[in-house]
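Protein chains: 2
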Amino acid sequence: MLLKRWLIGNPLKTTQAKHERLSKTIALAIFSSNAISSVAYGTEEILLVLVLAGTAAIAWSIPVSFAILFLVLVLTISYRQIIHEYPEGGGAYVVAKTNLGEKPALVAAAALMIDYVLTVAVSIAAGVAAITSAMPDLFVHREALGLLAIVFIVIMNLRGVRESGTFFAIPTYFAMGALGLLVIVGTFHTLFAPPPSPFTSSPEPSGKAAESLTLFLILRSFAAGCSTVTGMEVISNGVKSFRPPESTNAAITMAWMSIILAFLFMGISWMAFFHHIIPKSEETVVSQLARLTFGTGPLYYAIQFGTMILLILAANSAFAGFPHLASILAKDGFMPHQMATFGDRLVFSNGIIVLGFFAGLLLVVFEGNTHALIPLYAIGVFISFTLSQAGMVKRWLTKRGAHWRKKLAVNGVGACTTGIASLIIASTKFLQGAWIVFLLIAFLIVMFQGIRSHYKAVAEQIALDRRGARPPLPQRNIVLIPIGGVNRAVIRAIDFARSRPGDIRAVFVETDPEESAKVKILWAQWGCGIHLVVLSSPYRSILGSLIEYIEEILEKDQNTWVTVVIPEIVPARWWQNILHNQRALMLKAALLFKERVVLTDVPFHLRR
Amino acid sequence: MLLKRWLIGNPLKTTQAKHERLSKTIALAIFSSNAISSVAYGTEEILLVLVLAGTAAIAWSIPVSFAILFLVLVLTISYRQIIHEYPEGGGAYVVAKTNLGEKPALVAAAALMIDYVLTVAVSIAAGVAAITSAMPDLFVHREALGLLAIVFIVIMNLRGVRESGTFFAIPTYFAMGALGLLVIVGTFHTLFAPPPSPFTSSPEPSGKAAESLTLFLILRSFAAGCSTVTGMEVISNGVKSFRPPESTNAAITMAWMSIILAFLFMGISWMAFFHHIIPKSEETVVSQLARLTFGTGPLYYAIQFGTMILLILAANSAFAGFPHLASILAKDGFMPHQMATFGDRLVFSNGIIVLGFFAGLLLVVFEGNTHALIPLYAIGVFISFTLSQAGMVKRWLTKRGAHWRKKLAVNGVGACTTGIASLIIASTKFLQGAWIVFLLIAFLIVMFQGIRSHYKAVAEQIALDRRGARPPLPQRNIVLIPIGGVNRAVIRAIDFARSRPGDIRAVFVETDPEESAKVKILWAQWGCGIHLVVLSSPYRSILGSLIEYIEEILEKDQNTWVTVVIPEIVPARWWQNILHNQRALMLKAALLFKERVVLTDVPFHLRR
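Read top to bottom, the protein sequences are chains A and B.
Quick note: the first sequence uses my numbering, first residue 1, plus one each step.
Quick note: the second sequence uses my numbering, first residue 1, plus one each step.
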């Protein structure tokens, strides 16, 4: 308990919840790190596909980057509309549920959940890659470093939203500043200094084309680049976390986020193209660019360190979104109720722990390799993008209202664009791992429905009769006190039982007639006139005889409860429990499924 | 449960206990395998020490073997007296306790417990060595084979005494027959066929003397050979298991056991000496003798297989003795009470499982190596031998009775002989591992005393007042029913509470005023006039508010119990528990250490 307090701080009152709202500056740090950090691997993933067709093919990275830029633009405008329309938080699940119905909503929810887990895993893996690019000695420890980072983030999040906000804002802005400096200085270089070897005269020295440059390859590189826009939806899920006016503040933050993302991504893509950067397995593209621009000096290390921080904070943004989604699902009965309860620190503790666990598992299974995880990524996000845009289209068509045609057009373009991108990603990445995601989505939907049908069954079973009829329930109550001897613990149980009137009986199971005679004598003195029932035990099973006796009573009198009052000796120290028969526990296990039997422990606490 | 029934059979009545008694034939198989199996390693251990002084030194194996033979004789006569004097079972613990007092008794008990575990470990290791001598390919798997054998014996023993007796008798007699055949045929060879190279002309071709032949070395070889007589005490511990007249039957069985042991041991020692057998690490001495006598044919394999069976059955004999000793100790309060309870099959299940666990642990730690375990062995047995003989000497001096002088002389010789042997073993084996045994004995004694002092403390704390004064206990009882809503489970709990008169209150913790209003309306209809207390919850902690309310009641009225009746929904399937808040469990944990608070679950069983 003390450790818990020290790690996650003191509990907060409900009335304090309002004060936990985020300012735009801190919200930008928390919610945009996911989207912006994608620049650390977006360009690299595009190049990794194109380079399969030889180094000349990397020229295609520029048009592909523009296609991604177009996506960013469309998503920004579309999501700003969602933010205004859903000030309570308009995640894909909510939008799909209110406009398209339950099935599409569950698909969106499943896709989002998977993507939150992948966001953590991919970001942590890429963040560790940023560090191992600068310090190759750490490469062998990448899994352990990744797990350590996840544990760190989980603890930070259990401490509460605002505290993690303050804690993460400074490093986020430092990281954005470092990458911004790289792009500004680097682009400045490309404009005023002539390139060392201009692209047109490049003789393709070592570029062996493994594949020819087909449309499919270009689409694959586009699909890989789509990982850049992952995380753009995060703000729309968390509108409620903003200070009022929530929607306006969220929309402004969204615009800022997109501008920073577009600027960094296009800058890095341009520089990579200009300098003929070829992706290497042991060093990231950003690391190569930083070395080219600043040399391996303090500025280089600042950029690598900043990239790592940004990526680790991106993982953090999933920790704001996932528990929120889980709690919405829990309220609708699709996730366990526990997910809907606030933890001590006004955050959804259970969701945080579940997310941390699965992300860690994924990291271990994929050996901390970013490129192995990427094919699984993006597809989930794009499914949810498409579903929420489609939901908005349906909404404008049904609801109409002011400027509905303009709004319909915006979300219509959004739905088409993200739909086409989804198809491209699904078709080009299917065999590389996207099939796992489809399987998982199906599995999660079955799980959601299973959970809800269980809750429905429970609700039906515990529902009150509409006509006000009470179920027939026993009116008498026979109280049994099983005793193994006469001592203070037993007397305490007797006194407890006697504190309310009723039919009270002590029960002693005889295994040895001598012992039994002794108990009878003591009972005469201490039993307060309570009837002592002595049972014989042919099988030496005290438990068995007792249960037989209880069953007899239940059968004879269908109109009675049997309350079993157990005098239980509770040791002063937990390990002393191994020195005591766990009779109470065994009795409980044996009687748990008997109707009309209720057990009561009367603890007698030992002091030493 | 079904698996348990299939593995260990059906439970038996107490009255069936008498029929579980053993005939002499079966008792000999169960109790003597421990002592007799020692011939598989006894001679080998003697030779292993002597050979350090060169091959010529092995001539000393004959006088050393005669010293061991003398020990067998002395022990047989002494223990027959113990058997007659203690028909209830006269283990070293019982003899030492009744004659020498508590401290020596605990030393004997600790020594015996350690030796039971070592018997299992050494016998299994040697049994596996017999098989790997014949099939060298299995050598790498010796640890796994040993563990498998232990698991097998544990299951057999959990099935009950007589069944394991019947199960083990046939192979035991087969094994004794095979070894007997080896000794008879082998000795016949040595008498009528001249030896291939007579001892007197042996030129010591390859024997390099690592040490010189000192008295210390000869004593060490004697100490190593003492492992032969381990297990001779087993019958005296288990007199109660024999058919009546118990003592006479046990004494006869003891004599037969000693004759077989002496015959096999002296035969093997003689043959080994005659054939100049030198112990090898990869093949046992018995295996070498069997190859010499019968060649590597079916008879050789029968002997190796028989030896293995005998050794594995020796381990089995410890499974009869250890739980018995543990139960005697438990009755005296030196071991947990659970050790004293009969299992389903009239055997001491807990003791069997504990023994199997520790023997397996030892086998793994010592990598299944017999020679590494031997130095730990014997010392414990000889300490208990000495203590029980000394106890008998004290007994005759105090009690006297018919022929007491003769009996005193017999046990006096026994005490001196085993005492001297103990000193020899302790001094020669101390640094080789015997110190571990002394440490463990000390540890076990501390544990025994700690357990008893705990039980004493418990007894004192729960003891009734001698003057008949009852401790002042509360007379009123306030019944609280915490509810989260109104449903059938809650109504069931209300009806249970109402079945006895008293001050009954339902408690609802308000987290949302709307919800609270609904509950109040439903309560008016369904509450049966029971007072509904509505608590506010500033920290959103339903548990916290409830506990605060209970504490308030306890403080205000020092003369009342608080009974908390919890309406608990019990899912139809165990995994559905993860879909329910474990409020009852948390409430219990929070209230367990509050005086005057008693919890009662009223289960409401879901059917689907």
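Since the hints were derived computationally from the structure, they do not count as laboratory data.
Any given hint might turn out to be false.
As the list makes no split between identical chains, a pair holds if one copy fits it or if it spans any two.
[Claimed, not checked] Subject to a maximum C-alpha distance of 30 angstroms in a straight line, what follows is the list of computed DSSO-like cross-link-like pairs (lysine-lysine):
| hint | residue 1 | residue 2 |
| --- | --- | --- |
| 1 | Lys518 | Lys240 |
| 2 | Lys103 | Lys456 |
| 3 | Lys456 | Lys588 |
| 4 | Lys456 | Lys518 |
| 5 | Lys518 | Lys406 |
| 6 | Lys520 | Lys280 |
| 7 | Lys556 | Lys406 |
| 8 | Lys331 | Lys24 |
| 9 | Lys24 | Lys240 |
| 10 | Lys520 | Lys331 |
| 11 | Lys588 | Lys240 |
| 12 | Lys399 | Lys520 |
| 13 | Lys399 | Lys594 |
| 14 | Lys406 | Lys97 |
| 15 | Lys97 | Lys518 |
| 16 | Lys594 | Lys240 |
Problem set entry | Hints violated by the structure (numbers, ascending) | 5, 6, 7, 11, 12, 13, 16
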